[in-house]
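Chain A is fixed; fit chain X with the ligands onto it per the hints.
Protein sequence lines correspond, in order, to chains A and X. The working numbering puts the first residue of the first sequence at 13, with every later residue one more than the last. The working numbering puts the first residue of the second sequence at 13, with every later residue one more than the last.
Just so you know, these hints were derived from the structure itself, not from any lab. Heads up, some of the hints might be wrong.
If several chains are the same, the list does not tell them apart, and a pair holds so long as it fits within one copy or across any two.
Below, simulated DSSO-like cross-link-like pairs (lysine-lysine); rule was C-alpha separation at most 27 angstroms, straight line [said to hold, decoys possible]:
{"no.": "1", "residue 1": "Lys-386", "residue 2": "Lys-344"}
{"no.": "2", "residue 1": "Lys-29", "residue 2": "Lys-95"}
{"no.": "3", "residue 1": "Lys-316", "residue 2": "Lys-386"}
{"no.": "4", "residue 1": "Lys-374", "residue 2": "Lys-344"}
{"no.": "5", "residue 1": "Lys-234", "residue 2": "Lys-48"}
{"no.": "6", "residue 1": "Lys-118", "residue 2": "Lys-48"}
{"no.": "7", "residue 1": "Lys-344", "residue 2": "Lys-78"}
{"no.": "8", "residue 1": "Lys-128", "residue 2": "Lys-382"}
{"no.": "9", "residue 1": "Lys-264", "residue 2": "Lys-386"}
{"no.": "10", "residue 1": "Lys-198", "residue 2": "Lys-61"}
{"no.": "11", "residue 1": "Lys-386", "residue 2": "Lys-289"}
There are 2 protein chains.
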Amino acid sequence: MPAPKAVIDYINANADKFIDKLAKAVAIPSISGDGKHRGDVVKMAHFLKGELEAVGVSVELRDLGKHVMDGEELHLPPAILGKLGNDPKKKTVLLYAHYDVQPALKSDGWDTDPFKLVIDEKTGRLIGRGSSDDKGPLLGWINNLQAHHALGLELPVNIKICFEGMEESGSEGLDDLIKAEAGPGKYFDGVDCVCISDNYWLNTRTPCLTYGLRGLSYFKLKISGPGRDLHSGVFGGTVHEPMTDLVYVMSKLVTPDGKILIPGVNDLVAPLTDKEKALYDRLDYGVEDVESAAGGRIAISSEKTTVLMGRMRYPSLSIHGVEGAFSAPGAKTVIPASVSGKFSIRLVPNQTPDNIRAFVEKYVKDEFAKLGSKNTLEIEELHGGKPWVASPDHYNYKAAVKATEIIYGKTPDMTREGGSIPVTLTFAEALDVNVLLLPMGRGDDGAHSTNEKLDRSNYIEGTKLLGTYLYELSTVQ
Amino acid sequence: MPAPKAVIDYINANADKFIDKLAKAVAIPSISGDGKHRGDVVKMAHFLKGELEAVGVSVELRDLGKHVMDGEELHLPPAILGKLGNDPKKKTVLLYAHYDVQPALKSDGWDTDPFKLVIDEKTGRLIGRGSSDDKGPLLGWINNLQAHHALGLELPVNIKICFEGMEESGSEGLDDLIKAEAGPGKYFDGVDCVCISDNYWLNTRTPCLTYGLRGLSYFKLKISGPGRDLHSGVFGGTVHEPMTDLVYVMSKLVTPDGKILIPGVNDLVAPLTDKEKALYDRLDYGVEDVESAAGGRIAISSEKTTVLMGRMRYPSLSIHGVEGAFSAPGAKTVIPASVSGKFSIRLVPNQTPDNIRAFVEKYVKDEFAKLGSKNTLEIEELHGGKPWVASPDHYNYKAAVKATEIIYGKTPDMTREGGSIPVTLTFAEALDVNVLLLPMGRGDDGAHSTNEKLDRSNYIEGTKLLGTYLYELSTVQ
Ligand SMILES: [Zn+2]
Ligand SMILES: [Zn+2]
Ligand SMILES: [Zn+2]
Ligand SMILES: [Zn+2]
Numbered sequence: 013m014p015a016p017k018a019v020i021d022y023i024n025a026n027a028d029k030f031i032d033k034l035a036k037a038v039a040i041p042s043i044s045g046d047g048k049h050r051g052d053v054v055k056m057a058h059f060l061k062g063e064l065e066a067v068g069v070s071v072e073l074r075d076l077g078k079h080v081m082d083g084e085e086l087h088l089p090p091a092i093l094g095k096l097g098n099d100p101k102k103k104t105v106l107l108y109a110h111y112d113v114q115p116a117l118k119s120d121g122w123d124t125d126p127f128k129l130v131i132d133e134k135t136g137r138l139i140g141r142g143s144s145d146d147k148g149p150l151l152g153w154i155n156n157l158q159a160h161h162a163l164g165l166e167l168p169v170n171i172k173i174c175f176e177g178m179e180e181s182g183s184e185g186l187d188d189l190i191k192a193e194a195g196p197g198k199y200f201d202g203v204d205c206v207c208i209s210d211n212y213w214l215n216t217r218t219p220c221l222t223y224g225l226r227g228l229s230y231f232k233l234k235i236s237g238p239g240r241d242l243h244s245g246v247f248g249g250t251v252h253e254p255m256t257d258l259v260y261v262m263s264k265l266v267t268p269d270g271k272i273l274i275p276g277v278n279d280l281v282a283p284l285t286d287k288e289k290a291l292y293d294r295l296d297y298g299v300e301d302v303e304s305a306a307g308g309r310i311a312i313s314s315e316k317t318t319v320l321m322g323r324m325r326y327p328s329l330s331i332h333g334v335e336g337a338f339s340a341p342g343a344k345t346v347i348p349a350s351v352s353g354k355f356s357i358r359l360v361p362n363q364t365p366d367n368i369r370a371f372v373e374k375y376v377k378d379e380f381a382k383l384g385s386k387n388t389l390e391i392e393e394l395h396g397g398k399p400w401v402a403s404p405d406h407y408n409y410k411a412a413v414k415a416t417e418i419i420y421g422k423t424p425d426m427t428r429e430g431g432s433i434p435v436t437l438t439f440a441e442a443l444d445v446n447v448l449l450l451p452m453g454r455g456d457d458g459a460h461s462t463n464e465k466l467d468r469s470n471y472i473e474g475t476k477l478l479g480t481y482l483y484e485l486s487t488v489q
Numbered sequence: 013m014p015a016p017k018a019v020i021d022y023i024n025a026n027a028d029k030f031i032d033k034l035a036k037a038v039a040i041p042s043i044s045g046d047g048k049h050r051g052d053v054v055k056m057a058h059f060l061k062g063e064l065e066a067v068g069v070s071v072e073l074r075d076l077g078k079h080v081m082d083g084e085e086l087h088l089p090p091a092i093l094g095k096l097g098n099d100p101k102k103k104t105v106l107l108y109a110h111y112d113v114q115p116a117l118k119s120d121g122w123d124t125d126p127f128k129l130v131i132d133e134k135t136g137r138l139i140g141r142g143s144s145d146d147k148g149p150l151l152g153w154i155n156n157l158q159a160h161h162a163l164g165l166e167l168p169v170n171i172k173i174c175f176e177g178m179e180e181s182g183s184e185g186l187d188d189l190i191k192a193e194a195g196p197g198k199y200f201d202g203v204d205c206v207c208i209s210d211n212y213w214l215n216t217r218t219p220c221l222t223y224g225l226r227g228l229s230y231f232k233l234k235i236s237g238p239g240r241d242l243h244s245g246v247f248g249g250t251v252h253e254p255m256t257d258l259v260y261v262m263s264k265l266v267t268p269d270g271k272i273l274i275p276g277v278n279d280l281v282a283p284l285t286d287k288e289k290a291l292y293d294r295l296d297y298g299v300e301d302v303e304s305a306a307g308g309r310i311a312i313s314s315e316k317t318t319v320l321m322g323r324m325r326y327p328s329l330s331i332h333g334v335e336g337a338f339s340a341p342g343a344k345t346v347i348p349a350s351v352s353g354k355f356s357i358r359l360v361p362n363q364t365p366d367n368i369r370a371f372v373e374k375y376v377k378d379e380f381a382k383l384g385s386k387n388t389l390e391i392e393e394l395h396g397g398k399p400w401v402a403s404p405d406h407y408n409y410k411a412a413v414k415a416t417e418i419i420y421g422k423t424p425d426m427t428r429e430g431g432s433i434p435v436t437l438t439f440a441e442a443l444d445v446n447v448l449l450l451p452m453g454r455g456d457d458g459a460h461s462t463n464e465k466l467d468r469s470n471y472i473e474g475t476k477l478l479g480t481y482l483y484e485l486s487t488v489q
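The following block holds chain A by itself, in its conformation from the complex:
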């Protein structure tokens, strides 16, 4: 069932007030990755607690304890837990968003102060750090609750809320909380499905629903030899050089056209079905879109489906850089004593960090052994996360499809994403329910980048979309 006209009218009538609220939220620089801003993250939590309580939600700021970041012990920002409605005849949906943001400085290349929301009347862009990732979507939920509260309407579903303040810094503390609150009598007991609004359309025109995410295994490959950095004039030609060895071993990981060379890794990929391939053929996204987003004509293939599957359903291996080698501008004639190559593999079903690790370690050690070098190699997995795929045939997705058709007049693209949102998998596994990724923003919003924006229409129509989704969810089979 669509949302009542009164709710849609309320959203239209209060659009400017919703933008004002987004401006207030953006003005709090809740940067979780910078210890100096930890107080701002906590301030943001209290701001949201106030907003939620004002619309009838019972709220708890859950203490997640302490952690150490950059050598400093800090108190984690609280998780915001909330409940509204407890009608056993209604479905219960858990809403997740995050209220922390990536760092941003004007000097990074922003055209305007990143923590002052700028409304560009010409383009309709709402520009500011967190506008799209993830304060806009988070407020989208609150806007709907406010509409119902103001109109004296009951929600069509029971709501549970889990908003976190550490998403941009590894969601520290959240996994433990979710696992601890899963199960009979616990906070998340009774949740039927989860909706996460923290990703993006593929493009700037077609809404999408996302039912898969790649996982990640991140490795540090360290080769050491000399006791300290050496001068290449004095030692060049006399010793085994770690950097030479590292470059050799890293050249054996992946081909320039993206084929992973580590035996066993590709064998784990679930086979492609014709039905699945057809899905990629249909997506409203092409090679030109990828190249335009990348800023270079460097697509791995001229075939759209190959490129999209390279992002969504196949693993990839990227070499990120080298720690310990000379990395500054200029010319330094050093033989670095110890160099660590960083590379990671994006995982897809049925790969997991656990079943990938042994393949990577064995291969890297074997390739190094072939060199006959007197240097030593160590390989370490820095972090990892499993891939996730949900069933797009679940009622959770059906409700979102209908809501999208109502608000945007289009059937959404069904996508899988190349990146990771680890909490998705935690919800899916700990609560054993379907999880839906329902994006508000567009593919060019520039989350994590300079001049992050959320289009005004995506904020306001997106608010309607989230509300409509709740109504569709209440009746969908």
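Below, chain X with the ligands without anything else, positioned relative to chain A:
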């Protein structure tokens, strides 16, 4: 003729004052390769001008104009030109040293502040950036001038001085100066021979004289693709990644056991004679010394002569690092947009930067073309210098042999060095005189590295050696 006892006594009596002066010099962070420290390099020049004038040298700070470094236009530090004595019956020796230093940060791994000279009483080490390279040797000359000035003694030879402040950054401007001041009536007119103190003993026990240096060709290999850094989750598997290409191309440059793979490069090496090979067999330096100096059991061979020739008479190729990639600790999932690999080749006769460059450029481009990548490659030679070999039978060397025997009671090893001091070649070619490399420090001093040191005994005995050399030079045939 040995130095007068009064001079040696003066040096012994003033050893602590000489160390104080070295501390003052080290305290000025005259890092030529960092624009922020350009003022310190100039400050160092003025400090030395004062020291030289105080001991009777007529000094000129010669303006070398401007240059561009890392996109910034900077004024070059001046060359310090000096004269003392003009007796046509005496030989005239030109003394060269440099007053700039390599960059150093405590966070690089120094145990102490690099720009505060620490006197380790237990080991006798004087620890600080530039202690050995090249402020200690430079002050060694000034210490002798001070002794003569204080004692009212005339020097046995005429002195000309050329101290520069850009040695660690390619000696910019100096070649032009030397060429301009060579010839009748010019500043360097009348110079009979040159003495450079800016290298090291092979080991920690046997003094040496150095009659050859390797040259250098330093390359920056840049591969670019995306318009900006990309997220590996979103773009991994969809685009050609510059870092993957760079690692491939760099893996084709040199084998892990040091064989240069660039066709043409090894063909230019002058053939080895039996007589020359015997010279390496005789040197007081072995595989254990190399490994001890390197701080690891990583020698390229177990044969002493192979290892020593790898340093002294064969070319080598070192990969120094990557600019533009992720180089910090931790795990960042970036696909860097543009990465520049830095590598250099140490050159030996008859290789020159000019005859090497075309081989390198062609090979690198050919190897990149094989990848079929859509990224683009640029290769740039950042700097280069020819190798140099002098006649060790010249009187300049005979004087240094005698001086070494007097001060250290040992005949010095005759060595060629693996590094470059490009000005050596410029002096040899522009002035057409014999050039001697007369080291003060030991093989384990760690120039260009962390915890650079000069042993107290090398500083003080080395000061005596430089003074004695001037006396031997005055009488040698
Ligand atoms: Zn986010
Ligand atoms: Zn984010
Ligand atoms: Zn030097
Ligand atoms: Zn140096």
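Status of Lys-61 relative to Lys-198 across identical chains (alpha carbons, at most 27 angstroms): within (21 angstroms within a copy, 79 angstroms between copies)
Please work out whether the CA atoms of Lys-344 and Lys-78 approach to 27 angstroms or closer within one copy, between two copies, in both situations, or in neither? Between copies only: 21 angstroms across chains, 39 angstroms inside a chain, cut-off 27 angstroms.
For the identical chains here, do Lys-118 and Lys-48 meet the 27 angstroms Cα criterion within one copy, between copies, both, or neither? both (17 angstroms within a copy, 23 angstroms between copies)
Within a copy, between copies, both or neither: where do Lys-29 and Lys-95 come within 27 angstroms Cα-Cα? Answer is within: at 24 angstroms inside a copy they meet the 27 angstroms cutoff, but 78 angstroms across does not.
If the cutoff is 27 angstroms on CA atoms, where do Lys-374 and Lys-344 land: within, between, both or neither? Let me know, please. between (34 angstroms within a copy, 24 angstroms between copies)
My question is about Lys-234 and Lys-48: at a cut-off of 27 angstroms on alpha-carbon distance, are they close within one copy, between copies, both, or neither? Within one copy only: 26 angstroms inside a chain, 32 angstroms across chains, cut-off 27 angstroms.
When no copy is named, should Lys-264 and Lys-386 be tagged within, between, both, or neither for a Cα gap of at most 27 angstroms? Both: 19 angstroms inside a copy, 20 angstroms across copies.
Intra/inter-copy verdict for Lys-128 and Lys-382 if alpha-carbon distance must be at most 27 angstroms: neither (51 angstroms within a copy, 45 angstroms between copies)
Is it within a copy, between copies, both, or neither that the alpha carbon of Lys-386 lies no farther than 27 angstroms from that of Lys-344? within (24 angstroms within a copy, 29 angstroms between copies)
How do Lys-316 and Lys-386 come out at 27 angstroms by Cα distance, when the copy is not named: within, between, both, or neither? between (46 angstroms within a copy, 16 angstroms between copies)
State whether the alpha carbon distance between Lys-386 and Lys-289 is at most 27 angstroms within one copy, between copies, both, or neither. Answer is between: at 26 angstroms across copies they meet the 27 angstroms cutoff, but 48 angstroms inside does not.
Hint check: a violation occurs at hint 8 only; the rest are consistent with the structure.
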